[in-house]
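Undergrad: One letter stands for each residue in the lines below.
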Amino acid sequence: DTGVSQNPRHKITKRGQNVTFRCDPISEHNRLYWYRQTLGQGPEFLTYFQNEAQLEKSRLLSDRFSAERPKGSFSTLEIQRTEQGDSAMYLCASTVSGGRNSIYGYTFGSGTRLTVV
Amino acid sequence: SQQGEEDPQALSIQEGENATMNCSYKTSINNLQWYRQNSGRGLVHLILIRSNEREKHSGRLRVTLDTSKKSSSLLITASRAADTASYFCATGGSWGKLQFGAGTQVVVTP
Numbered sequence: 001d002t003g004v005s006q007n008p009r010h011k012i013t014k015r016g017q018n019v020t021f022r023c024d025p026i027s028e029h030n031r032l033y034w035y036r037q038t039l040g041q042g043p044e045f046l047t048y049f050q051n052e053a054q055l056e057k058s059r060l061l062s063d064r065f066s067a068e069r070p071k072g073s074f075s076t077l078e079i080q081r082t083e084q085g086d087s088a089m090y091l092c093a094s095t096v097s098g099g100r101n102s103i104y105g106y107t108f109g110s111g112t113r114l115t116v117v
Numbered sequence: 118s119q120q121g122e123e124d125p126q127a128l129s130i131q132e133g134e135n136a137t138m139n140c141s142y143k144t145s146i147n148n149l150q151w152y153r154q155n156s157g158r159g160l161v162h163l164i165l166i167r168s169n170e171r172e173k174h175s176g177r178l179r180v181t182l183d184t185s186k187k188s189s190s191l192l193i194t195a196s197r198a199a200d201t202a203s204y205f206c207a208t209g210g211s212w213g214k215l216q217f218g219a220g221t222q223v224v225v226t227p
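From first to last, the protein sequence lines are chains V and R.
Everything in the first sequence is counted per the numbering used here, starting at 1 for the first residue and increasing by one.
Everything in the second sequence is counted per the numbering used here, starting at 118 for the first residue and increasing by one.
The shape of chain R in the complex, shown without the other chains:
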C-alpha cells in the first residue's frame, strides 16, 4: 500500500502558468520529499522538507507542509514544456525508507 495520495491525478496547463499539486498522507513523518519522473525514466529528487519546517523554496519550486492536516503542496511557477512529467510525493520515517504516492501527471503545452 502507498502512504501518500497526490491530487489531482492529472494536470494540463500552458507554458507560463503555475502548477499546483497536493499530497496527503496518513501516518506521522520525519520528512516529505518530492520527485519528478520523465516517461520511462528514473525519478529525480526535487526538494525535501522536514517535519519541523512549513515552507521551502528551490528555484521555481515552492513546497509547503502542514503536519496538522497531514498534507503538502508543490507549486511550480512559470511552467515550461520541460516540466512535463509525473510528480510524486514521498514520505519518510526513520532509517530513510520512503513511501511514494501514485503521482500527478503534469502536461505543459507551449
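Pulled out of the complex, with its shape left as it was, chain V reads as follows:
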C-alpha cells in the first residue's frame, strides 16, 4: 500500500452536472471518512463508514450527495446537480478501528479539487 488514493485529482464541471469521486483507502483500514475543505478553512466532516456500513452523515450532506462503500473497500462520493457552492477540496481519510475506544490518527489522501463553473 502506498497510502490513501483519490481520483481524480482535479475535476472541473458545469453547474448542474453530476460528478463522482473515488477513494481507495489503506487496505487494512476499516474506517473511511469523507471531508470537504474550502480555502482558508479546516476540513468539515461529511460522512464515514465502518466497513461497508455508513454510520453517520453530516447535515452538510444534502440530498444531492451520496456516498457508498461497497464490500468495505473503496468508496465513491457522488454529487448530483452540482452548484457553484460545491466547489471545494474533497478529502478522503482512513484509519483502523480496534473498538469503540480505539484511537488512531487518520491517513489522508491528496484530495479531489472540484471546480463548478
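Mixed in with the good hints there might be a few duds.
Residues from chain V shown here face chain R by an in silico Cβ test under 10 Å; the list is partial [said to hold, decoys possible]:
id, residue
1, G3
2, Y33
3, G42
4, E44
5, Y48
6, L55
7, M89
8, L91
9, Y106
10, T107
So the derived list for chain V, only partly shown, Cβ under 7 Å to chain R, looks like this [to be verified]:
id, residue
11, P43
12, G105
13, S110
14, G111
Source of the hints: derived by calculation from the structure; they are not laboratory data.
Here a beta-carbon is modelled for each residue, glycine too, at the ideal position from N, C-alpha and C.
Once you've looked at the hints, dock chain R against the given chain V.
TA: Only chain R this time, still in chain V's reference frame:
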C-alpha cells in the same frame, strides 16, 4: 461548525526559531490530534494526545493538553523552511470522528 479554534491564524518566523500555536475547543474530548497540510495537499498526521495525557513529544514536536481549560498547544522547535505549512488541531470523541479547527498558517523563512 468547527470544534477547535487555532491561535494565531498566521505565524511568520525565521529558521531556527521555535513556533508555538494554540488550540481551544468547546466540548469534552477523547483525544486531540495535530495535522500538517502543505498547500493544496492532503493532511499529514503529526501527533495524537489522549485526554488523560498532559504532554507528548515526537521529534521536534511537543504537544500539551489541558482538559480543564479545553486547550492544547503545539510547539515546533528549531523550525526549518520545510515546516512551512498549515497546522490543524482536531478533536475526537468516540468512534473516531474528528472535528478540525480553521488552522494556523506557518511561514518559516530561511
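Undergrad: Confirm or reject each hint.
TA: Verification of the hints:
1. G3: holds, 9 Å
2. Y33: Holds, because the Cβ-Cβ distance from Y33 (chain V) to chain R comes to roughly 7 Å (cut-off 10 Å).
3. G42: holds, 3 Å
4. E44: holds, 7 Å
5. Y48: holds, 6 Å
6. L55: With a minimum Cβ separation of about 7 Å from chain R (threshold 10 Å), the hint on L55 (chain V) holds.
7. M89: Given a least distance of 8 Å, the restraint on M89 (chain V) holds.
8. L91: Holds. Min distance 6 Å.
9. Y106: Check passed: Cβ of Y106 (chain V) comes within 6 Å of chain R, closer than 10 Å.
10. T107: holds, 7 Å
11. P43: holds, 5 Å
12. G105: holds, 3 Å
13. S110: holds, 5 Å
14. G111: holds, 5 Å
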